[in-house]
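Participant: Work out the full structure, taking the sequences as your base and the hints as a guide.
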Amino acid sequence: MAPMIRISTIGLRGLLLLALVGTMGCGSGEKPAGTVSGTVTLAGNPLLTGDVNFSGKDGSAAIARIGEGGAFKVDGVVDTGEYTVFVTPTPPEPQMPGKKAAAPKKFDVPAKFRSASTSPVKVTVESGSNNLKIDLKD
1 MAPMIRISTI GLRGLLLLAL VGTMGCGSGE KPAGTVSGTV TLAGNPLLTG DVNFSGKDGS
61 AAIARIGEGG AFKVDGVVDT GEYTVFVTPT PPEPQMPGKK AAAPKKFDVP AKFRSASTSP
121 VKVTVESGSN NLKIDLKD
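Under my numbering, think of the first position of the sequence shown as 1, with each following residue one higher.
Incorrect hints may have been included.
What the hints assert, rightly or not - Using C-beta positions, here's what the derived DEER-type ranges look like:
(1) 105 with 58: 25 to 35 angstroms
(2) 30 with 104: 30 to 40 angstroms
(3) 82 with 112: 27 to 37 angstroms
(4) 68 with 127: 22 to 32 angstroms
(5) 100 with 131: 36 to 46 angstroms
(6) 91 with 41: 32 to 42 angstroms
(7) 95 with 123: 28 to 38 angstroms
(8) 35 with 90: 16 to 26 angstroms
(9) 51 with 126: 14 to 24 angstroms
(10) 122 with 100: 39 to 49 angstroms
(11) 97 with 48: 21 to 31 angstroms
(12) 112 with 90: 13 to 23 angstroms
(13) 46 with 102: 15 to 25 angstroms
(14) 126 with 59: 11 to 21 angstroms
Claimed, not checked - Subject to a maximum C-alpha distance of 25 angstroms in a straight line, what follows is the list of computed PhoX-like cross-link-like pairs (lysine-lysine):
(15) 57 with 73
(16) 57 with 133
(17) 137 with 100
(18) 73 with 133
(19) 73 with 137
(20) 57 with 122
(21) 137 with 106
(22) 73 with 105
(23) 112 with 100
(24) 100 with 133
(25) 137 with 112
(26) 106 with 57
(27) 73 with 112
(28) 133 with 105
(29) 100 with 73
(30) 122 with 31
(31) 122 with 137
(32) 73 with 99
(33) 105 with 57
(34) 31 with 99
(35) 57 with 137
(36) 112 with 99
(37) 137 with 105
Think of the hints as simulated: they come from the structure by calculation, not from any bench.
From the three backbone atoms N, C-alpha and C, an ideal C-beta is built for every residue, glycine too.
Facilitator: In structure tokens form, the structure reads like this:
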């Protein structure tokens, strides 16, 4: 019976060693990141509705709902780096069957600011807190 216990002990040690080797050299694995909040204006006036989107060259992205006075705050953290900023209309809220949906808020933003491929607006996210003033202007 002793050989079976020894095999189990060797197997357990092997698994622990494999797990240890698998995590060595990886560092923390986390990219530097920061929190992002701020305001969005259109030609100097607060944007009152929509979502502000951040699209990085490396595929990283973030989105936040625009609130009162053009204010927004991204939930969680955003990887550091340069982002293209664009805005999109807020999707309609789901309604209970038989209930009439509220009329969508007016979203009068030029088309060039509605897509990552056409928006000229760029921001840089740094480690720590980022309070951005995003002005969409022609």
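Participant: All the hints need checking, so say for each whether the structure fits it.
Facilitator: Now the hints, each set against the structure:
no.	hint	in the structure
1	105 with 58: 25 to 35 angstroms	holds (33 angstroms)
2	30 with 104: 30 to 40 angstroms	holds (39 angstroms)
3	82 with 112: 27 to 37 angstroms	violated (18 angstroms)
4	68 with 127: 22 to 32 angstroms	holds (28 angstroms)
5	100 with 131: 36 to 46 angstroms	holds (39 angstroms)
6	91 with 41: 32 to 42 angstroms	violated (22 angstroms)
7	95 with 123: 28 to 38 angstroms	holds (35 angstroms)
8	35 with 90: 16 to 26 angstroms	holds (22 angstroms)
9	51 with 126: 14 to 24 angstroms	holds (22 angstroms)
10	122 with 100: 39 to 49 angstroms	holds (41 angstroms)
11	97 with 48: 21 to 31 angstroms	holds (29 angstroms)
12	112 with 90: 13 to 23 angstroms	holds (19 angstroms)
13	46 with 102: 15 to 25 angstroms	holds (21 angstroms)
14	126 with 59: 11 to 21 angstroms	holds (19 angstroms)
15	57 with 73	holds (21 angstroms)
16	57 with 133	holds (21 angstroms)
17	137 with 100	violated (35 angstroms)
18	73 with 133	holds (12 angstroms)
19	73 with 137	holds (21 angstroms)
20	57 with 122	holds (11 angstroms)
21	137 with 106	holds (18 angstroms)
22	73 with 105	holds (20 angstroms)
23	112 with 100	violated (32 angstroms)
24	100 with 133	violated (36 angstroms)
25	137 with 112	holds (10 angstroms)
26	106 with 57	violated (30 angstroms)
27	73 with 112	holds (23 angstroms)
28	133 with 105	holds (23 angstroms)
29	100 with 73	violated (30 angstroms)
30	122 with 31	holds (20 angstroms)
31	122 with 137	holds (12 angstroms)
32	73 with 99	violated (30 angstroms)
33	105 with 57	violated (31 angstroms)
34	31 with 99	violated (45 angstroms)
35	57 with 137	holds (22 angstroms)
36	112 with 99	violated (35 angstroms)
37	137 with 105	holds (21 angstroms)
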